[in-house]
Amino acid sequence: MRLPSIATLFHPLQSFSIRGGIHPETHKHLTSECEIETMPMPTLIRLPLQQHIGAEAEPIVRRDDLVLKGQLIAKARGPLSANIHAPTSGRVIAVGHFVAPHASGLPVPTITLRPDGEDRWGPHLPRLRPENASPEEIAAQVAAAGIVGMGGATFPSAVKLNLRAKYDLTTLILNGAECEPYLTCDDRLMRERAEEIADGIGIMARALGVKQVFVAIESNKPQAIEAMTRYNRALGYTFKVHVVPTQYPMGSEKHLVKMITGRETPARALTADLGVVVHNIATAHAVHLAVRYGEPLIARTVTVSGHGIRRPANLRVLIGTPVSEIIAHCGGFTEEPDRLLLGGPMMGMPIQNPRVPVVKGTNGILALTAAETPEAKTMPCIRCGRCVQGCPVGLTPFELNARIHAGDLEGAAKVGLMDCLACGCCSYNCPANLPLVQSFQFAKGKLAERQSRKHQQEETKRLAAARKAREEAILEAKKQMMLKRKAEMAAKKKAEEAAAAAEMPPPATATAIQGEATP
Amino acid sequence: MIAAAASMSALGLGLGYLLGAAARKFHVETPPIVEEIGKILPGTNCGACGFPGCNGLAEAMAEGNAPLTACTPGGRDVALALAEIVTVEAGAEAGPIAEIEPMVAFVFEDHCTGCQKCFKRCPTDAIVGGAKQIHTVVMDACIGCDACIEVCPTEAIVSRVKPKSLKTWYWDKPQPGLAAARAETAA
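Quick mapping for you: the protein sequence lines, in order, are chains A and B.
Just so you know, we're using our numbering here: the first sequence kicks off at 4 and counts up by one.
Just so you know, we're using our numbering here: the second sequence kicks off at 221 and counts up by one.
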């Protein structure tokens with residue numbers, strides 16, 4: 004039980020919070036008062052074909068094609084995928100591979116575009132009047148606009164809007180918690196575009212057919228709370244702004260649902276099983292633009308922050324803008340950053356190459372200096388249990404860690420490794436500075452690899468068996484053929500003999516006659 | 221005629237019984253361990269171990285004539301699974317079981333003449349290509365047995381580490397003490 008603070012007088016719900024969690028220094032002051040500015044046109048745009056969870060999009064342009072702003076350049080492949088549009092007009096200069104905006108830095112299929120600077124719009128998507136549109140039409144429009152979850156998970160939004168067919172949905176929750184330190188892009192978006200977001204929320208609520216709508220905002224964003232409370236009505240829906248305590252990881256989908264509805268999502272189940280759908284605030288904004296104006300998802304708000312950045316800012320950038328150009332726009336580095344991150348400091352991806360592009364799920368670019376990433380000496384685990392206290396899903400990280408280091412990954416999976424969110428609370432809390440969450444990431448990857456290798460082995464076994472069967476069938480067919488040929492030859496011979504025999508008779512009779520005649 | 225038929229069938233029956241009795245009397249049990257080993261081995265009969273097929277290796281391993289790590293396409297996982305059921309005897313020294321990166325075959329297209337030799341040799345049908353066409357390897361089906369490399373007349377095929385994709389990539393295991401060392405060097 005934590006002691007109530009003065010803040011709880013204003014928001015009494017704060018005394019009931021989620022399990023575990025931490026209170027890291029937020030560093031949000033760096034950018035929270037920076038208005039969203041539009042980034043000037045970059046010199047190059049790189050669009051990875053996989054910016055979402057699911058199947059990679061299929062490119063439909065070729066090198067040297069001229070494309071217009073908003074033109075579809077890669078088509079969704081399969082039901083779980085997303086369209087990709089040209090963020091500006093220009094020439095396609097390559098459809099090849101480029102370094103992924105990912106910690107691995109592996110090459111991924113990418114379309115590279117050189118903007119012509121004219122920013123000419125192609126035809127927009129057909130506009131929709133959501134008041135009259137059916138839920139299916141809204142979902143189809145969202146799918147056509149290539150919208151994915153913009154909180155970082157990048158799950159195709161249209162798929163989530165279509166959940167109504169399978170689940171009995173009652174509640175829509177808009178995630179404006181933004182619990183990651185440093186990030187302020189959702190905060191600024193809510194402050195500046197509250198009306199547009201409200202409209203987007205209304206459209207989504209209509210598509211889902213829910214009864215109630217909540218907007219969850221952490222208590223450290225009073226202006227955003229005020230703005231969203233002012234615009235709390237759209238399309239006949241009135242939403243309730245729910246102030247949640249400032250605590251990491253409040254923005255986790257399942258924890259937000261627990262916080263607001265009081266119901267816990269079972270392990271490996273979906274929140275939709277409880278009748279709840281969670282969408283990000285920025286997604287609502289994108290839905291508004293797509294449905295009202297027919298604009299596909301070609302730009303997003305990004306926080307550029309950290310003490311390594313000379314002029315931290317909130318920027319509206321085109322998807323595909325190289326990180327290096329964004330940093331240059333923000334005045335460059337104050338000093339050589341110790342770490343360059345995409346996303347927040349807790350769950351973001353460290354990147355090696357600053358030329359990687361911003362993608363649909365990138366909500367922050369952080370340049371952290373050595374002072375912000377203290378490297379402390381690791382010491383042996385003393386079983387103090389601080390990691391257990393911090394874990395928001397109730398795991399025992401010290402035990403998981405011990406099992407993983409002993410090579411017992413199955414054992415770790417048995418005590419809940421697969422329920423780990425990889426939020427990093429355990430590592431943050433650890434007084435011995437053990438790389439706990441890093442071990443879990445490794446173990447999860449390793450287990451997945453093992454699974455896929457086992458699957459591959461089974462498949463190759465099947466292939467080998469199929470090959471053997473085929474070879475045997477061919478051999479058998481050959482044998483049959485030989486037998487047939489033999490039979491045919493025999494038949495032919497017989498026929499020839501018969502024919503010969505048929506031809507023979509005259510002389511035979513002749514001899515017979517002769518014979519008869521001889522005596 | 222009847223006497224001939226009767227004597228022949230009597231002879232057949234008698235010999236048949238004799239054979240049956242002999243089979244019972246001189247029956248040789250296949251050690252169950254061979255079957256168990258066979259279940260764990262990939263079963264592709266690729267020949268990478270140098271024994272005649274997976275069955276050959278299973279027999280050799282049961283007799284203690286082959287190391288546990290003989291199956292290279294199976295890698296560490298197969299070796300570990302085998303270690304649980306096979307007792308290592310003298311003569312079959314099991315070397316240290318190291319993590320082996322999965323290998324796949326790769327065709328240098330400049331050198332491929334389309335002779336189809338590799339296509340015919342591949343135990344898992346992982347090579348595709350027609351006569352006088354450039355051949356290529358389907359990476360997901362390739363087990364890295366190197367059978368194709370041996371038969372290629374132009375040496376156009378090499379074995380290389382299976383390239384990682386975003387879906388298969390994962391973080392390295394954090395080494396205890398590495399962070400400490402890093403902090404010390406920084407200091």
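Because the hints were derived from the structure by calculation, they are not lab data.
Be aware that a few hints might be false.
[What the hints assert, rightly or not] Derived DSBU-like pairs (lysine-lysine); straight-line CA-CA distance at most 30 Å:
(1) Lys417(A) / Lys387(B)
(2) Lys447(A) / Lys245(B)
(3) Lys259(B) / Lys457(A)
(4) Lys489(A) / Lys464(A)
[Unchecked claim] Derived contacts from chain A toward chain B, CB cut-off under 7 Å, selection only:
(5) Gly99
(6) His100
(7) Ala103
(8) Leu109
(9) His127
(10) Phe445
(11) Gly448
(12) Gln454
(13) His458
(14) Gln460
(15) Thr463
(16) Lys464
(17) Leu466
(18) Ala467
(19) Arg470
[Unchecked claim] Calculated from the model, a selection of chain A residues having no Cβ within reach of chain B, i.e. all distances over 10 Å:
(20) Gln53
(21) Gln74
(22) Arg453
Note that the Cβ used here is the ideal one computed from N, Cα and C, for glycine as well.
Problem - Restraint outcome when Gln460(A) is required to lie within 7 Å of chain B by C-beta distance - result: Holds. Min distance 6 Å.
Handout entry: Closest C-beta approach of Phe445(A) to chain B relative to 7 Å, hint status
Key = For Phe445(A), the interface hint holds, since the closest Cβ of chain B sits about 5 Å away, which is under 7 Å.
Practice task
Would you assess whether Arg453(A), listed as outside the interface, keeps its beta-carbon beyond 10 Å of every beta-carbon in chain B?
Solution key: 7 Å, violated
Practice task
Take the C-alpha atoms of Lys417(A) and Lys387(B), compute the straight-line distance between them, and say whether it is at most 30 Å.
Solution key: 23 Å, holds
Exercise for the section: With a cut-off of 7 Å on the beta carbons, see whether His458(A) makes it to chain B. Expected result: Status violated, d = 10 Å.
Handout entry: Restraint check, 7 Å cut-off on beta carbons, for Leu109(A) near chain B
Key = Nearest chain B Cβ about 6 Å off; hint holds.
Exercise for the section: Measure nothing beyond the straight line between the CA atoms of Lys259(B) and Lys457(A); if it is 30 Å or shorter, mark the hint as holding. Expected result: 13 Å, holds
Practice task
Against chain B, does Gln74(A) hold up as non-interface, every C-beta pair farther apart than 10 Å?
Solution key: Label holds. Min Cβ-Cβ 26 Å, cutoff 10 Å.
Handout entry: Per-residue hint verdict: Leu466(A), partner chain B, C-beta under 7 Å
Key = 4 Å, holds
Problem - Agreement of hint His100(A) with chain B interface, Cβ distance less than 7 Å - result: For His100(A), the interface hint is violated, since the closest Cβ of chain B sits about 11 Å away, which is over 7 Å.
Handout entry: Pair hint outcome, Lys447(A) versus Lys245(B) [Cα-Cα no greater than 30 Å]
Key = Violated, at roughly 55 Å.
Handout entry: Interface hint status, His127(A) versus chain B (Cβ within 7 Å)
Key = 32 Å, violated
Checked against the numbered hints listed earlier, the structure breaks hints 2, 4, 5, 6, 9, 12, 13, 20 and 22; every other hint is satisfied.
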